[in-house]
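Visitor: Spelled out from the first residue to the last, the chains are:
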Amino acid sequence: MALIELERVSFAYNGRPVLSEVSLEVLASQFLALVGPNGGGKTTLLKLILGLLTPQQGRVRVFGQPPAKARGRMGYLPQHTYLDPSFPVTVLEVVLMGRLGPRAGLGLWPRRDRQAALAALEQVQAAELAGRGFAELSGGQRQRVLIARALAAGPELLLLDEPTAGVDPRGEEDVLGLLAALQPRVTVLLVTHDLHFVSAYVNQVACVNRRVVLHPTQEVDDQLIADLYGRPMRMVRHDRHLEGGECNHG
Amino acid sequence: MAEFLAALSQHAFLQQALLAGLLASLACGVMGAYVVVRRISYLAGAIAHSVLGGMGLARYLAVTQGWSWLHPLYGAVAAALAAALVVGLVTLKARQREDAIIGAIWAVGMAVGVLFIAATPGYDVELMSYLFGNILMVTPANLWLMLGLDLVALAVALVFHNQLLAVCFDEEFARLRGVNADLYFLLLLVLTALTVVLLSTVVGIILVIALLTLPAAIAANYARRLWQIMALAVLISMAFTTGGLALSYGPDLPAGAVIIVLAGAAYLLVSAGRWLFRRA
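Chains A and B are the protein sequences, given in the same order. Per this note's numbering, the first sequence runs over residues 3 to 252. Per this note's numbering, the second sequence runs over residues 43 to 322.
It should be emphasised that the hints constitute simulated quantities derived from the structure, not laboratory data. Possibly wrong hints are sitting among the right ones.
[As the list claims (entries may be wrong)] A few chain B residues facing chain A, derived, Cβ under 7 Å:
1) Ala208
2) Phe211
3) Arg219
4) Gly220
5) Val221
6) Leu225
7) Leu228
8) Val232
9) Arg266
10) Arg267
11) Leu268
[To be verified] In silico DSS-like cross-links for lysine-lysine, where the CA-CA straight-line distance does not exceed 30 Å:
12) A:Lys49 <-> A:Lys71
13) A:Lys49 <-> B:Lys135
14) A:Lys71 <-> B:Lys135
Backbone N, C-alpha and C fix where the C-beta goes; we use that ideal spot for every residue, glycine too.
Given these sequences and hints, build the entire structure.
Guide: Pasting the structure below:
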């Protein structure tokens, strides 16, 4: 059974269509990269799967349930740019937010939750940041902390919106490596702007530009990239740089 | 100052005023911290100004209908709660033109109050004390009400701390974790509304936002966690209300205005100090 199922899903913001007639099936234990131009609908697709947005047409099922019911089993990393960078909160407090739930207790956090939050920080190699203020961190450190928050509840499905934004290349490899290490226990969907690093880790690539087309990574050759982005890409060593352009699927 | 201390030991009204300032500071520091970090001082302003509508209506009914039990404070509480719910629902539901709607609530609430005050027969000295507060007129019954509101605000902040922190920091994520973010946001506004009423007896409706936000804004410079800002803001607010009362007593100045000028000066000094410190 598919873990995520979209059936002819359409979504528009104020009449402006973002996704139309999208059908998609993602099997368990996949590591899937969503690529495509800005405004192509990548973030919208994640939010539909999370149930933060409701499609105008079509049906979304996650773990065979409506998204709102499956939320407890999903972890989410939003684009970090919308958070208040000066908010008075410690790293541990941020990660503990990932432990909230309908049944989360009131008052002080129990020891079990604190331990789980610390373990999540260790997973992203940021345990030493626990007591620091979130406002004092660099962009890359913040990104790791927010990934820890997404991991804190032990999700089976992880949805990440540009997890490597603001992270230096070395950190980028670390982040992707840690996500790859979650396989096959966790299914991962990540939005990214370059296949440069990602293609070595993921096993499927979805091009999102009003429509969604899935490709196994083996198919991600130069011809496909040229198709996706509308022009051939420069080759630098064995890496593929993707720049600008548009997704030109049918 | 010596004059103030001598008078304090003699006059019950002055002791009550001092106590009112201290009690108001408790709720002010706790709720002010939420207002500052969630950046909703504009919403709190709209709630504060619509309080005049409730006060005016209560006073009007008390005089014309002979309902002498209907103290303006009850009208203020009712209007603040109603405004909080309307403002909250507008913010949550109307994604567009939200600021225009809130601006309208702000002004119309106040206009309704002015109309009722004008329609109320009799000699009217009350308008000024609604607008600018009169801490020297606080009654023992007011003090009990303040204590009650303090206990509610403190209890909510303690019991729901984790949920409120998450909703203020990242509302969308909190919702994903099954937290009823809308409900907590409304709870925050309702408590802010009650705090606004409480503070308006000290400094009046017009000045209430300054007293709500300045102590927390100063505290935010020195604390890295929300509860630390709250604790610090309570102490700073207590210093402002007590200091303002003491400074205003000798020269017989309006206490509310002196409290606000004191708070504003402190905020300016702290901000300027940080700016210079960073450049150095």
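Visitor: Decide, hint by hint, whether the structure agrees.
Guide: Tested hints:
| no. | hint | result |
| --- | --- | --- |
| 1 | Ala208 | 4 Å, holds |
| 2 | Phe211 | 5 Å, holds |
| 3 | Arg219 | 4 Å, holds |
| 4 | Gly220 | 4 Å, holds |
| 5 | Val221 | 5 Å, holds |
| 6 | Leu225 | 12 Å, violated |
| 7 | Leu228 | 18 Å, violated |
| 8 | Val232 | 18 Å, violated |
| 9 | Arg266 | 4 Å, holds |
| 10 | Arg267 | 6 Å, holds |
| 11 | Leu268 | 5 Å, holds |
| 12 | A:Lys49 <-> A:Lys71 | 14 Å, holds |
| 13 | A:Lys49 <-> B:Lys135 | 19 Å, holds |
| 14 | A:Lys71 <-> B:Lys135 | 23 Å, holds |
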